[in-house]
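Novice: Letter by letter, the chains look like this.
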Amino acid sequence: MRVIIEYTKEERVKFISHLDLMRTMQRAVRRAGIPIAYSQGFNPHPVMAFASALPVGVTSEREYMDIILAEPVSLPVLNERLNHALPRGIAIRDSVVTDDKTPSLMSLIERADYRVAGAEWDWEKAVTAYLNEPEIIVEKKGKRGAVSVNLKESIHAVMADEDDPKVLHISMKTGSKGSLKPEIAVKSMLELSEQHFPGDESFGLPAAVHRTGLYILKDGEWVTPLALKKD
Amino acid sequence: MDKLLLDRIMGQVSKPARYMGNEYNMVEKNPEDVSIRFAFAFPDIYEVGMSHMGMKILYHLLNERADTYCERVFAPWVDMEQKMRQTGIPLFTLETKSPVSDFDLLGFTLQYEMSYTNILNMLDLAGIPLLAEERKEGHPFVIAGGPCAYNAEPLADFLDIIALGEGEELIEELLDLYGDWKQSGESRTAFLERAARIPGIYVPSFYDVSYLEDGRISSVSPNRDGVQPRVSKRIAADMDKTWFPERIIVPFMDIVHDRIMLELFRGCTRGCRFCQAGMIYRPVRERSPERLLELAEKLVQSTGYEEMSLSSLSSSDYSQLELLVRQLMDRFAKKRVSLSLPSLRLDSFEKEYIQEMQKVRKTGLTFAPEAGTQRLRDVINKGVNEEDLINTMTAAFESGYSTVKLYFMIGLPTETEADLRGIADLARKVTDCYSRLQQAGQRKKRLKVTISTSSFVPKPFTPFQWEPQDTMEQLREKQQFLKQALRIRNVEYNWHDPEVSFLEAVFARGDRRLGRVLLSAWKKGAKFDGWSEHFNMAAWMEAFEDNKLSPDFYAHRRREKDELLPWDHIDAGVTKSFLWMELQKALRGETTPDCRLDCAGCGIRRLGRGLC
Ligand code: SF4
Numbered sequence: 000m001r002v003i004i005e006y007t008k009e010e011r012v013k014f015i016s017h018l019d020l021m022r023t024m025q026r027a028v029r030r031a032g033i034p035i036a037y038s039q040g041f042n043p044h045p046v047m048a049f050a051s052a053l054p055v056g057v058t059s060e061r062e063y064m065d066i067i068l069a070e071p072v073s074l075p076v077l078n079e080r081l082n083h084a085l086p087r088g089i090a091i092r093d094s095v096v097t098d099d100k101t102p103s104l105m106s107l108i109e110r111a112d113y114r115v116a117g118a119e120w121d122w123e124k125a126v127t128a129y130l131n132e133p134e135i136i137v138e139k140k141g142k143r144g145a146v147s148v149n150l151k152e153s154i155h156a157v158m159a160d161e162d163d164p165k166v167l168h169i170s171m172k173t174g175s176k177g178s179l180k181p182e183i184a185v186k187s188m189l190e191l192s193e194q195h196f197p198g199d200e201s202f203g204l205p206a207a208v209h210r211t212g213l214y215i216l217k218d219g220e221w222v223t224p225l226a227l228k229k230d
Numbered sequence: 000m001d002k003l004l005l006d007r008i009m010g011q012v013s014k015p016a017r018y019m020g021n022e023y024n025m026v027e028k029n030p031e032d033v034s035i036r037f038a039f040a041f042p043d044i045y046e047v048g049m050s051h052m053g054m055k056i057l058y059h060l061l062n063e064r065a066d067t068y069c070e071r072v073f074a075p076w077v078d079m080e081q082k083m084r085q086t087g088i089p090l091f092t093l094e095t096k097s098p099v100s101d102f103d104l105l106g107f108t109l110q111y112e113m114s115y116t117n118i119l120n121m122l123d124l125a126g127i128p129l130l131a132e133e134r135k136e137g138h139p140f141v142i143a144g145g146p147c148a149y150n151a152e153p154l155a156d157f158l159d160i161i162a163l164g165e166g167e168e169l170i171e172e173l174l175d176l177y178g179d180w181k182q183s184g185e186s187r188t189a190f191l192e193r194a195a196r197i198p199g200i201y202v203p204s205f206y207d208v209s210y211l212e213d214g215r216i217s218s219v220s221p222n223r224d225g226v227q228p229r230v231s232k233r234i235a236a237d238m239d240k241t242w243f244p245e246r247i248i249v250p251f252m253d254i255v256h257d258r259i260m261l262e263l264f265r266g267c268t269r270g271c272r273f274c275q276a277g278m279i280y281r282p283v284r285e286r287s288p289e290r291l292l293e294l295a296e297k298l299v300q301s302t303g304y305e306e307m308s309l310s311s312l313s314s315s316d317y318s319q320l321e322l323l324v325r326q327l328m329d330r331f332a333k334k335r336v337s338l339s340l341p342s343l344r345l346d347s348f349e350k351e352y353i354q355e356m357q358k359v360r361k362t363g364l365t366f367a368p369e370a371g372t373q374r375l376r377d378v379i380n381k382g383v384n385e386e387d388l389i390n391t392m393t394a395a396f397e398s399g400y401s402t403v404k405l406y407f408m409i410g411l412p413t414e415t416e417a418d419l420r421g422i423a424d425l426a427r428k429v430t431d432c433y434s435r436l437q438q439a440g441q442r443k444k445r446l447k448v449t450i451s452t453s454s455f456v457p458k459p460f461t462p463f464q465w466e467p468q469d470t471m472e473q474l475r476e477k478q479q480f481l482k483q484a485l486r487i488r489n490v491e492y493n494w495h496d497p498e499v500s501f502l503e504a505v506f507a508r509g510d511r512r513l514g515r516v517l518l519s520a521w522k523k524g525a526k527f528d529g530w531s532e533h534f535n536m537a538a539w540m541e542a543f544e545d546n547k548l549s550p551d552f553y554a555h556r557r558r559e560k561d562e563l564l565p566w567d568h569i570d571a572g573v574t575k576s577f578l579w580m581e582l583q584k585a586l587r588g589e590t591t592p593d594c595r596l597d598c599a600g601c602g603i604r605r606l607g608r609g610l611c
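In order, the protein sequences belong to chains A and B. First residue of the first sequence? That's 0 in numbering that gives the first Met the number 0, and the numbers climb one at a time after it. First residue of the second sequence? That's 0 in numbering that gives the first Met the number 0, and the numbers climb one at a time after it.
Treat the hints as calculated values from the structure; they're not laboratory data. The beta carbon of each residue, even a glycine, is placed where N, CA and C say it ideally should be. Some hints could be false.
A few chain A residues that face chain B, going by a derived Cβ cut-off under 10 Å, partial list only [claimed, not checked]:
#1 Arg26
#2 Val28
#3 Val55
Straight-line C-alpha distance at most 20 Å; calculated SDA-like pairs for lysine to any residue [what the hints assert, rightly or not]:
#4 B/Lys297 with B/Ser308
#5 B/Lys333 with A/Pro34
#6 B/Lys96 with B/Arg84
#7 B/Lys2 with A/Pro205
#8 B/Lys2 with B/Ser100
#9 A/Lys139 with B/Ser13
#10 B/Lys333 with A/Ala36
Let the hints inform the model, and build the full structure from the sequences given.
Specialist: Okay, structure coming up:
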């Protein structure tokens with residue numbers, strides 16, 4: 000039985016790395032006594048896969064993982080037991096059973112939406128500057144040094160919030176080619192619109208970055224991984 | 000505390016989870032609801048501090064108290080420290096991100112001498128006056144405990160209170176007293192005076208030390224009424240009744256020892272003469288297998304850990320080890336909890352255990368013969384012989400092992416070239432033994448033998464407390480010799496530069512005057528001295544020079560029998576006369592049997608009836 004789980008990663012745990020999160024989930028599953036399936040082989044490990052790594056320091060209201068259960072468990076029970084066994088700041092929102100043949104979430108996710116809140120800037124100006132450029136080359140730091148990428152090709156859409164002047168919405172492309180950190184996009188847009196960092200840049204971006212969702216393109220529509228529910 | 004600023008700098012430093020807290024099983028309380036705020040400080044980074052069992056025990060124990068909130072604080076790594084200093088963020092606790100200076104008590108654990116500068120650095124980052132005498136009403140009381148507390152004289156100027164021995168009962172008494180004192184509105188000194196009456200509490204400022212012209216100590220005496228001339232360590236008599244947490248914090252980060260550590264017993268009866276732990280943690284007190292199984296069950300359930308280790312000084316001496324290991328395996332193998340048995344001793348490590356261990360997981364083989372010849376092993380009373388070693392290893396190789404690590408010390412008292420050659424001979428015998436099996440077609444894999452040597456550091460409360468340490472030149476020569484002698488196929492040799500061991504030797508047996516050296520060295524930038532990338536020998540040597548103190552006086556001098564040692568006013572249980580007798584036996588090459596078999600009269604019995 001394969002289950003897709005939707006969970007949050009909140010403010011109080013936002014500085015843990017993806018690896019830390021994976022370890023935390025594994026231990027929570029053990030504490031919760033959920034009959035997860037283990038892989039075969041010399042060093043068996045619980046079968047658990049994550050949709051998309053969240054950058055360190057970013058909060059999220061909708062993250063996804065899927066697990067394989069060795070024996071069936073009712074979903075409300077699974078959610079409750081897991082919630083009880085998780086550290087505060089990570090909470091299960093929902094879960095659905097999916098077909099065993101569903102491809103990995105990581106390969107399906109194509110879009111990640113973020114909400115950037117920072118009072119210091121004029122986001123309208125930043126968006127206009129961004130839209131006016133045909134091409135924006137930014138440096139992306141990877142394991143093998145920095146590579147240049149075109150920011151315009153990494154972003155689906157950007158938009159200043161209609162009501163809240165502090166807020167910018169960015170919809171980033173994700174996928175097998177790797178995704179860009181929203182912080183890089185924000186910095187580049189600020190530069191283009193000649194808006195500067197207040198204070199010391201080495202203290203980091205004075206803004207809260209929050210992931211609002213991860214999406215899959217299904218029949219021409221953006222849906223969350225929960226739509227992979229088996230009928 | 001500026002939360003947004005803290006957030007921003009945490010986003011810029013390596014491994015920010017070190018400063019985040021909020022782990023599973025972290026205790027949450029409202030600071031307003033308690034009358035005592037206790038900051039438990041470990042003077043090293045999170046990954047090291049959180050691996051320490053004593054910290055977990057006391058953290059959860061203190062938080063059992065309704066009147067107390069105990070929070071944790073670690074030494075921020077250099078990148079974080081730099082940003083904290085730039086932004087003016089003071090040292091803060093993980094639980095509530097409160098400035099440490101707001102707390103009632105700040106307790107450091109002293110695990111190794113090379114963490115002392117980090118204590119000064121943390122006090123400074125907290126904005127607390129470094130010197131105890133400069134602290135006023137409203138500043139936290141700075142307390143220290145742990146193995147180095149038995150001779151914390153180099154830290155005497157910086158600490159208000161030193162706690163000796165096992166903390167479980169003592170800390171409760173101290174906090175009860177603190178609660179009363181806080182309500183009374185009396186002076187700081189009044190609290191210290193009352194605290195000094197608790198057995199195991201040592202208030203260094205209540206003692207005056209005078210020196211002879213040649214630098215030795217002439218007297219240590221209380222400078223006020225009601226202060227004991229000698230302070231005895233505390234011992235928790237019944238381990239089954241001694242509090243042990245059933246839930247422990249499960250870090251998000253990968254820490255050094257990320258597993259359940261089951262403490263089978265305290266103390267050790269082997270009597271190795273170089274080993275301070277073996278002397279100061281006497282007597283041996285075991286937990287019953289029933290209690291251990293119960294604890295293991297609860298900890299597995301409350302943490303979700305996938306690994307458990309048995310942590311005691313020599314776990315394989317546990318009287319019911321076989322029964323315990325079998326039951327642990329039976330119970331937890333199906334829950335996929337692997338059991339690792341570290342610090343195994345040659346003489347009780349049987350083939351069967353090796354196979355048991357492999358059922359769950361294969362760990363490397365490590366042995367610590369400590370010295371290369373039987374003669375020297377007798378001197379240090381390491382009751383291990385070569386035949387056992389080779390037999391055990393043959394058994395291990397036969398059941399599939401092909402990597403083995405052997406630990407030795409160099410610079411031990413009476414050591415000669417023959418003893419060093421003995422290390423190489425032993426390495427060769429191990430490789431020969433493996434080749435024989437290989438020729439017989441029993442082993443295919445390539446063998447890997449790692450020989451590691453550390454430099455011997457004489458420690459207080461051991462029979463070698465009077466002995467000089469080898470000079471750094473001598474130690475380097477010995478390492479050179481071994482480098483040559485260990486050019487053997489499949490053998491790798493590891494060693495450490497003797498500089499750190501030299502400083503350890505200075506501070507381990509140091510007196511109060513070294514406080515000035517610590518302060519100067521810290522001002523010159525010394526911190527994280529246990530981390531090779533930060534160790535700054537030049538700063539240390541300048542600090543000694545500036546304060547006109549010779550490190551050789553502490554490290555390389557042989558003490559006389561009647562010399563008053565800086566820690567003689569501390570009673571760790573074993574008597575000075577026992578230690579002296581042990582030294583004489585060592586020099587004659589005589590061994591002392593395991594005192595489970597035959598009491599050696601170490602003196603611990605004086606500290607309580609029925610203890611041993
Ligand atoms: S009193 Fe005797 S048996 Fe007990 S620890 Fe000391 S030497 Fe060993």
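Novice: Starting from the hint list further up, note which numbers the structure goes against and sort them upward.
Specialist: none
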